[in-house]
Amino acid sequence: MTAIMSPALSGRDYSLTGRDAKLAVENGLAAAEWYHTEIPRKQMKELMQRSDQPAIRDTAIWLGALILSGAGGAWFWGSWWCVPSFFVYGTLYGSSTDSRWHECGHGTAFRTQWMNDAVYQLACFMIMRNPVTWRWSHTRHHTDTIIVGRDPEIAVMRPPDLVRLVLNFFGILDAWHAMADMVRNAAGVISAAEKTFIPPQEQPRAIRAARIWLAIYIATIALALYLHSWLPPMLVGLPRLYGAWHHVMTGLLQHGGLAENVIDHRLNSRTVYMNPISRFIYWNMNYHVEHHMFPMVPYHALPKLHELIKHDLPAPTPSILAGYREMIPAFLRQLRNEDYFIKRELPPTAKPYREELHNPVPAAAE
Amino acid sequence: MSDWVEACAAEDIDEEDVMRFDHAGRTYAIYRSPDDEYFATDGLCSHEKVHLADGLVMDDIIECPKHNGRFNYKTGDARGAPVCVNLKTYPVKVDAGKVLIQLG
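Residue numbers (this note's numbering), protein chains in the order written: chain Y, 4 to 369; chain D, 301 to 404.
Please keep in mind that the hints were generated in silico from the structure rather than gathered at the bench.
All values derive from a computational prediction rather than experimental measurement.
Treat each hint with caution, since some may be false.
[Unchecked claim] Chain Y side only, calculated, beta carbon under 8 Å to chain D, not exhaustive: (1) M51; (2) R53; (3) H109; (4) G110; (5) H145; (6) Q204; (7) E205; (8) M299.
Backbone N, C-alpha and C fix where the C-beta goes; we use that ideal spot for every residue, glycine too.
Based on the provided sequences and hints, a complete structural model is requested.
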């Protein structure tokens with residue numbers, strides 16, 4: 004790995020309607036043609052094949068564990084024995100829904116589309132992401148991954164706001180913003196930023212979803228008041244806070260500390276080897292370079308895709324811990340110099356980066 | 301008007317698959333359905349101009365490789381987000397083992 008200082012523009016404007024949004028279009032970074040590793044069509048077709056079976060199995064385990072742990076939390080409510088149950092319930096509710104929302108939004112988890120749609124709607128509610136808004140924001144994220152002013156899903160903007168990052172391990176700011184967005188959308192208001200990526204004909208659907216959610220949260224609060232108990236919000240809503248830690252832990256690794264404004268996912272995304280439990284919760288999104296290069300490949304085929312193309316990718320990060328050992332110093336350094344980023348080295352078997360396509364062009368390796 | 305253009309040999313496309321065909325500065329996608337019928341549409345996704353020939357054919361659906369937008373390749377109908385605009389379709393016939401597409 005090489006650390007790179009780039010002569011980037013000072014002061015980034017991450018808003019979708021600001022200076023850098025216009026610059027990205029002018030510089031050809033918007034809707035650009037991205038690098039892909041060559042894979043023969045026959046092999047690619049095999050990798051893209053859809054199947055209901057793996058996702059039905061995983062969803063049955065997920066929902067079963069969710070119901071059991073939630074029931075355990077309710078059963079032991081009032082004693083310390085409820086804590087381990089809510090730890091499991093919260094992680095399944097507030098973290099595994101991040102990957103379920105994501106994979107079903109791509110339509111790749113199940114072969115049968117209504118199954119993708121059903122899990123997508125449920126997971127969106129739990130993770131507090133409007134199913135319409137986030138479908139379109141994620142489309143943009145794949146078109147313009149970590150392009151400043153274009154990508155609405157940049158988790159760590161430079162210079163990094165470390166307080167915000169820590170608070171989000173408990174879902175605090177994310178849930179607050181999600182609630183504010185829900186109330187705003189329920190009132191019929193689509194923001195200027197949302198209008199840049201949600202087509203007009205889809206906007207009423209975002210409003211309708213927000214109104215349904217608002218009704219569910221009002222009913223939950225009303226039930227809590229009626230019962231004089233925190234149990235209803237412990238089961239609906241609050242798990243998004245106390246169970247967020249895993250999805251934030253894995254989510255930051257996706258692009259954290261890596262390059263901005265490049266059109267090669269090998270430069271701005273990170274593949275990390277993880278333990279089987281995290282991979283179940285995360286639905287194999289630890290193979291993140293592979294996912295961005297080939298979003299058509301279902302989560303269950305990503306390990307096979309990784310084996311097929313790893314000769315052309317930077318060496319994967321060996322563990323979550325190794326990822327944080329690489330990322331945290333980069334974040335700290337970006338506090339002093341926001342142009343700093345980690346540039347991952349390619350193996351000799353890989354096709355080289357096309358530096359001339361990337362803006363800003365890396366200037367010097369340390 | 302009936303400008304039939306030879307696109308490829310029928311056997312060039314696997315069953316339930318798609319192939320790219322470029323002609324006169326335009327690009328098209330030729331499909332072979334699971335029922336061994338042939339169809340043709342514009343070659344680029346109506347959402348962000350990505351080649352559909354790199355996508356996945358499932359039954360009568362072509363899925364775009366970039367954002368997973370879906371179209372019915374027999375009718376050109378867009379089947380939900382992020383695709384909103386239908387694909388243009390073209391008549392196709394197979395003659396003497398050749399796939400012909402009517403572009404006129």
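The hints, checked one at a time:
no.: 1; hint: M51; verdict: holds (4 Å)
no.: 2; hint: R53; verdict: holds (6 Å)
no.: 3; hint: H109; verdict: holds (5 Å)
no.: 4; hint: G110; verdict: holds (5 Å)
no.: 5; hint: H145; verdict: holds (6 Å)
no.: 6; hint: Q204; verdict: holds (7 Å)
no.: 7; hint: E205; verdict: holds (7 Å)
no.: 8; hint: M299; verdict: holds (5 Å)
Violated hints are absent here; each numbered hint is respected by the structure.
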